[in-house]
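K.L.:
The lines below spell out each chain.
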Amino acid sequence: MIRVSNVSKNFGSFAALRDVSVDIPSGALTALLGPSGGGKSTLLRIIAGLETPDSGIIEIQGHDSTNLSPQRRNVGFVFQHYAAFKHMTVFGNVAFGLEIRKRPKAEIKARVNELLELVHLEQFAHRYPAQLSGGQRQRMALARALAVEPKVLLLDEPFGALDAQVRKELRSWLRRLHDEVHVTTVFVTHDQEEAMEVADEIVVMAGGEVQQVGSPDDLYERPASEFVMSFLGPTTRVGGTLVRPHDVEVLMAPEPGTVTAVVQRVVRLGFEVRLDLSVDDEPTWVQITRDQARQLAARPGDRVHLRALTAGVAFEVAV
Amino acid sequence: MARYGLRTIALVYLLFLLVLPVALIFWTTFADGIGPVIDALTTPSALHAFKVTAQVAIISVILNTLFGVGTAVLLVRHEFPGRRTLNMLVDLPIAVSPVVVGLALILVYGRFAPMGGWLADRGIDIIFSLPGMVLATVFVCLPLVVRAVTPVLEEIGTEQEQAAWTLGAKPWQAFRRVTLPAIRWALAYGMVLSLARSLGEYGAVAVVSGRIKDQTQTLTLFVEERFQNFDQQAAYAAAFAMAVVAVATLLLITLLRPREDDR
Chain R
1 MIRVSNVSKN FGSFAALRDV SVDIPSGALT ALLGPSGGGK STLLRIIAGL ETPDSGIIEI
61 QGHDSTNLSP QRRNVGFVFQ HYAAFKHMTV FGNVAFGLEI RKRPKAEIKA RVNELLELVH
121 LEQFAHRYPA QLSGGQRQRM ALARALAVEP KVLLLDEPFG ALDAQVRKEL RSWLRRLHDE
181 VHVTTVFVTH DQEEAMEVAD EIVVMAGGEV QQVGSPDDLY ERPASEFVMS FLGPTTRVGG
241 TLVRPHDVEV LMAPEPGTVT AVVQRVVRLG FEVRLDLSVD DEPTWVQITR DQARQLAARP
301 GDRVHLRALT AGVAFEVAV
Chain G
1 MARYGLRTIA LVYLLFLLVL PVALIFWTTF ADGIGPVIDA LTTPSALHAF KVTAQVAIIS
61 VILNTLFGVG TAVLLVRHEF PGRRTLNMLV DLPIAVSPVV VGLALILVYG RFAPMGGWLA
121 DRGIDIIFSL PGMVLATVFV CLPLVVRAVT PVLEEIGTEQ EQAAWTLGAK PWQAFRRVTL
181 PAIRWALAYG MVLSLARSLG EYGAVAVVSG RIKDQTQTLT LFVEERFQNF DQQAAYAAAF
241 AMAVVAVATL LLITLLRPRE DDR
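Listed in order, the protein sequences are those of chains R and G. Numbering (this note's numbering) for the first sequence: 1 to 319. Numbering (this note's numbering) for the second sequence: 1 to 263.
If you're looking for bench data, these hints aren't it; they were derived computationally from the structure. Take these hints with a grain of salt, some might be off.
Claimed, not checked - Pairs of lysine-lysine residues, derived as PhoX-like cross-links and limited to a Cα-Cα distance of at most 25 Å, are as follows:
1) K170(G) - K109(R)
2) K151(R) - K109(R)
3) K170(G) - K102(R)
4) K102(R) - K86(R)
5) K213(G) - K86(R)
6) K151(R) - K170(G)
7) K213(G) - K51(G)
8) K105(R) - K170(G)
Fair warning: this is a prediction, and the values are worked out from it, not measured in the lab.
Could you build all of it, start to finish, from the sequences and the hints given here?
P.N.:
Structure (structure tokens):
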């Protein structure tokens, strides 16, 4: 387990982390999720020893590592922009940590080849990073970090510099890799979809503070705050209540507790249908299924009546 | 038409400024064939001047490389009070005339200055001997390595070094195995520039060396001394030898340059 206790960090007058405490479970894939400037990268770099906290304690698997140099923490770190050693081949990059540890040549060769196979780069061993695509470079960086058998693998926006298609592929590949390797992994992302898809556990950070910790389901179903709710998925407002757009009942006749709205537009998006509405001239929207839309048969200009479903999550919003 | 006009102006300019003088040195040197040239360059004085120049240049380039890389790393990788001042001081040798540098060194290390006197009492002569000449040359070449290396250090950033740290490399190991290979072409370029400058330095060395024939006479001083003594053959032969070395270093720079741009 990585235990972060009361960690604060300031850069000049900017407070990057304010008294952060969080436990990151062993063997799991944890995402640090939040908007940029929220402190998640700083926390990751502090865990790696690349930054020193102003106050607080970092324990890695029971050892106080707060004052340990990055060399002695035994963590693997993967950078957003790969940080490939450009003058070394792919083999040389992956072998680096083992060569520093003065392992026998034969052992290095075997271990590097095994890792290159794991990241599907075995036929690129003799290429230079400049001859690889972004996705291949990042897989190489991952193999390089894994080579020294780290206790913890830390990834700082690992897919941030890649295009959308490669990003999606690497995402599911990382998940599969983790299921194979089981090393405690923490990755930083600002993409909630990425965090929801890949992580076992998500730590939502904003403004230098931890907003909520939980499984993807937990956070989606039971957000602790309006912020977490809006950050983790789409939201809409129904008469002063913040709800998920699919947690709204749309009725043709008024009932107790309903809010009257005028249909502006009906947008068909395959299986789901989006209704753009206005409540007292305030624009809002809800999401319903195709079947519901067919039953409703609402057209622009029609009056409908909205009610937030009590089973869903909702926040009363001060108007 | 304008294109050809510009080209002509540029070529004529270069012709009168560079090509004609250098070609004439070549012409004058070999006016009586190759025999007198070899004779003039193998006199004991000429050979000694070659030796002194080589000694000064090699020691200066080594010192400049060490301090240049050190200073560049300090300027790019560290925040400390006085960093801007240091950054400015590095460029000082370009602005200050070499003659002033020589005089300043005499003021500090001359026999009658406190520091120079203290060293002289312990048998160490700086002025009018090799250490002073090296000091003057190092001073004059100071910015060359620093300014060649600094932009590349800035460009490669710190992430590769940090990656090396997390993989267990100590700062020195990370520098040697990751940073140094990344700056090697820029460093080589700076070293070659330093070498060229060291070989050709006249002003500062002229002041601190005392121009003692067969003792502190470098090749540039040798050329000037021979010329003053109406030994034109020796002066031109030595000047020609220096021009050859200069062209060779220029070629070396041209060879290094494109490889640096590739990166």
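K.L.:
Could you tell me which of the numbered hints above are not met by this structure, giving the numbers in increasing order?
P.N.:
Hint 5 is the one this structure does not satisfy, whereas the remaining hints hold.
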